[in-house]
Amino acid sequence: GQQLNQSPQSMFIQEGEDVSMNCTSSSIFNTWLWYKQDPGEGPVLLIALYKAGELTSNGRLTAQFGITRKDSFLNISASIPSDVGIYFCAGYNTGNQFYFGTGTSLTVIP
Amino acid sequence: DAGVIQSPRHEVTEMGQEVTLRCKPISGHNSLFWYRQTMMRGLELLIYFNNNVPIDDSGMPEDRFSAKMPNASFSTLKIQPSEPRDSAVYFCASTLTPGLEAFFGQGTRLTVV
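Each protein sequence line maps, in turn, to chains A and B.
If you read the first sequence in the numbering used here, its first letter stands for residue 7, the second for the next number, and so on.
If you read the second sequence in the numbering used here, its first letter stands for residue 492, the second for the next number, and so on.
Bear in mind the hints are in silico, worked out from the structure with no lab data behind them.
Since no wrong hints were added, every one of them can be taken at face value.
Here are some of the chain B residues that sit facing chain A, going by a computed Cβ distance under 8 Å:
(1) E592
(2) G596
(3) Q597
Cross-link-like lysine-lysine pairs, in silico, DSSO-like; alpha carbons within 30 Å at most:
(4) K515(B) to K42(A)
(5) K76(A) to K57(A)
(6) K569(B) to K42(A)
Estimated spans, in silico, between C-beta atoms of each pair:
(7) M530(B) to S88(A): 20 to 30 Å
(8) S88(A) to D554(B): 42 to 52 Å
(9) N543(B) to N11(A): 30 to 40 Å
(10) P14(A) to T567(B): 35 to 45 Å
(11) P116(A) to T511(B): 36 to 46 Å
(12) M530(B) to S32(A): 21 to 31 Å
(13) S578(B) to S32(A): 22 to 32 Å
(14) S111(A) to S578(B): 18 to 28 Å
(15) P45(A) to R513(B): 17 to 27 Å
(16) N562(B) to G101(A): 23 to 33 Å
(17) D554(B) to E21(A): 48 to 58 Å
Even glycine gets a Cβ: it sits at the ideal position worked out from N, Cα and C.
Could you put the whole structure together from the sequences, leaning on the hints where they help?
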C-alpha cells in the first residue's frame, strides 16, 4: 500500500526546544492529518489540513499542507515532557484511501 | 459521544483459533477503516468501508482475514485460522465522510501463541 515517508524517525530534544518533522509522498494527497500516539492508546488527531498551502495552528503545534500536495510538516514550539510520543502524518489520496506515515518518535529530556 | 469503541482491548488465543475483533464507529460517521499496527510495518490500512460497503480491501493480508459491516454502527474483523504472525494491535477508525479527519478507537492487542 501507499507509504508516506516521515522524517526524522526519532528525535531526542531538551525541554523548551522547538521540534520540526515532515512527511512526503510520491503521489498527491487531498487531506493531510497529524496524529499523536501514546503507548497503549490509539492515535489522537492533532491537526487537519485540507488545502494546499494551508497553515494551521493548535496551541504550540503548527502544521502546513505543502504547495505540491505531496508533503506536510509539523512544528512543535517550546516542547514540554508531555509532548513525548509517536507522531504520525496521514493523508487521503485522490482515491480517498487513507494512509499513515512511518512515524516520528519524540523524546523530551527535562 | 463515546468515540470509536473497540472490543476486546486484549485478546490472547492459540494458533488455529478463530478471532473476531469488533468496532462501533462514532454515530453518524459513514466511513470506517481497519488498521493493523506492528513495530516492523507501522500502521497498515487493511480495509475501508463507506456507507457499510467495502470500498478497498487490497490491504487484507490473505484469505484468512475477513471484515464485515452489517450496519452503520458495527463492524467486525475476523481471522480464521489465526497464526502467530497475526499478533499486532488492530485499530478501527471512523470518519464522517472520506477526506475528513478520522478518529481512532483504543485498539485491540492480539497475541496468537
